[in-house]
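Add chain V to chain U, keeping to what the hints say.
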Amino acid sequence: MIHSHDSPIVRTMARMLIPLIQLFALYVLFFGQYGPGGGFVGGVMLGTSLILGLLVFGREESPCRLARKVVHGDGVGLIIFAGVGGLCLIGGGEFLNYSDLEIPWVTADSRRRFLGILMTQIGVAVDIAVTAISIVFSLSSSDESEHPDD
Amino acid sequence: MTFSFEILLLILLVVTAAGAILVKDLFSAVLILGTYSFLLAVVWGWLGAVDVAFVEAVVGAGLATVFFLVTLFGIAPKDTHIRRSAPPRLALLGLPVLGLLLLYSAEDLPEFDDPASPASVHVSPDYLTNSLQDTETPNVVTSVLMDYRAFDTLIETVVIFTAGIACVLLLGRNRE
Numbered sequence: 000m001i002h003s004h005d006s007p008i009v010r011t012m013a014r015m016l017i018p019l020i021q022l023f024a025l026y027v028l029f030f031g032q033y034g035p036g037g038g039f040v041g042g043v044m045l046g047t048s049l050i051l052g053l054l055v056f057g058r059e060e061s062p063c064r065l066a067r068k069v070v071h072g073d074g075v076g077l078i079i080f081a082g083v084g085g086l087c088l089i090g091g092g093e094f095l096n097y098s099d100l101e102i103p104w105v106t107a108d109s110r111r112r113f114l115g116i117l118m119t120q121i122g123v124a125v126d127i128a129v130t131a132i133s134i135v136f137s138l139s140s141s142d143e144s145e146h147p148d149d
Numbered sequence: 000m001t002f003s004f005e006i007l008l009l010i011l012l013v014v015t016a017a018g019a020i021l022v023k024d025l026f027s028a029v030l031i032l033g034t035y036s037f038l039l040a041v042v043w044g045w046l047g048a049v050d051v052a053f054v055e056a057v058v059g060a061g062l063a064t065v066f067f068l069v070t071l072f073g074i075a076p077k078d079t080h081i082r083r084s085a086p087p088r089l090a091l092l093g094l095p096v097l098g099l100l101l102l103y104s105a106e107d108l109p110e111f112d113d114p115a116s117p118a119s120v121h122v123s124p125d126y127l128t129n130s131l132q133d134t135e136t137p138n139v140v141t142s143v144l145m146d147y148r149a150f151d152t153l154i155e156t157v158v159i160f161t162a163g164i165a166c167v168l169l170l171g172r173n174r175e
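Top to bottom, those sequences are chains U and V. Numbering-wise (numbering that gives the first Met the number 0), the first sequence opens with residue 0 and increments by one. Numbering-wise (numbering that gives the first Met the number 0), the second sequence opens with residue 0 and increments by one.
Bound conformation, chain V alone:
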């Protein structure tokens, strides 16, 4: 049962990703991209990464779709339809080879729930065992983001602030 569910989910992911690229109308592409983000959120939740799933659903499926739609409202109707030329022959030959290489190297990755994988032996046991008594925060993701790795989060916030400032400066909200 679980197996068929995950296969169905992955097939839907590939179909929506291909559809978002191949469809001619940009409005349809934006909506299909939102569907893709939502399916990806389901995948994250199914893998147990609930925080990532939440962010993916809210930002990827919600906010990014709204940004794209508002942008499309602002441009001329003839520009929302695009004509794509055929891909170059080199890409048609090279990309399958690249995919095969990636599949081949994926065999060397550690198992999904392997406790001895490099990612789960370095610092994460420290965080998992000490988070509650250090910070009174049961959700380890929050305590890692906001306390143990607060510098990273601060710089991320600076990045988002810079993006907002750049949009305002480039698009000029004071010109009206």
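So here's chain U without its partners, still in its complex pose:
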């Protein structure tokens, strides 16, 4: 059912808004330790920007090629999150106890925990963005399979 939108106003606005949303999403993601926000909100906003492109430009046009590739990354965010926990295990500590995270040139416990929080937040953001896009993709593709001549 998702076709590209004809109106030039909508297309131009989307073309302007998508980078802005992505910029704000990255701000929310990386400044979640100083202000409101964090991995969940940043991931949802990243996913939403790609969904906006999908809804406005349709499934075939170039801004959606990224979204189409992203869908194959189910579970990458989870691997990042659990991988940080695994790195803590390798560092000789407990699972997800970031003070044992082995990062070169970083020795202070609090700095390691800061970086651990940052990396797990990126994992959460990737996981949620990919999940949001893949849900929209699967919702729209099931419709097209019912009407192949659409």
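You may find that some hints are simply not true.
[Said to hold, decoys possible] In silico lysine to any residue, SDA-like type, Cα no more than 20 Å apart, as pairs:
#1 U:Lys68 with V:Val167
#2 V:Lys23 with V:Ser84
#3 U:Lys68 with V:Leu170
#4 U:Lys68 with V:Ser84
#5 U:Lys68 with V:Ile164
#6 U:Lys68 with V:Phe160
#7 U:Lys68 with V:Ala165
#8 U:Lys68 with V:Leu168
The set of hints was computed from the structure by calculation and includes no laboratory data.
Coordinates of chain V only, in the frame set by chain U:
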């Protein structure tokens, strides 16, 4: 001034919640539900829970509305109008009684900003005092979510991943 604002907000919440349930057209119901989520986000922000307000505004008012709308685009137009039968008499009698019981028991809850309430004496003083020197993170919500309670967040991420996988498997994106 503050008092009238909060009363107005709560009335709007009840009106939008009732409207989302009672309206016949499902598109209108989805949009009213988005409005409800946004008002709820205002309530969260007004109570001081800025992170929760942010999530409510982005997920409840934004992403959930988009999911509902995409679903409605996919179904036949005649299915977007629904006819509801009248509620059973037992529900009409029982629900007000339940509401009165809840209101009665709400009197025993601790005050909103009571520092001696059970929720704020167990572990949260620890988190509030140690977060900055433990993790260099001024936002305590983030440090609790991602460090002190990282296991919970990991399992939440697994839940979201499972939801995405289930949607893809059930709706079949590779059938095209």
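Each hint, compared with the structure:
Distance hint between U:Lys68 and V:Val167 is fulfilled; the C-alpha atoms sit about 15 Å from each other, no more than 20 Å. About 12 Å separates the Cα atoms of V:Lys23 and V:Ser84, which keeps this hinted pair within 20 Å; it holds. Simply put, U:Lys68 and V:Leu170 have alpha-carbon atoms about 18 Å apart, close enough for the 20 Å limit, and the pair holds. Distance check on the hinted pair: U:Lys68 and V:Ser84 sit about 45 Å apart at the alpha-carbon level, beyond 20 Å; violated.
Between U:Lys68 and V:Ile164 the alpha-carbon distance is near 16 Å, which keeps this suggested pair within the 20 Å criterion. For a cut-off of 20 Å, the pair hint linking U:Lys68 to V:Phe160 stands: about 17 Å separates their Cα positions. Between U:Lys68 and V:Ala165 the CA atoms are separated by roughly 19 Å; this keeps the pair inside 20 Å, and the hint holds. Taking the CA atoms of U:Lys68 and V:Leu168, the gap is near 17 Å; set against the 20 Å cutoff, the hint holds.
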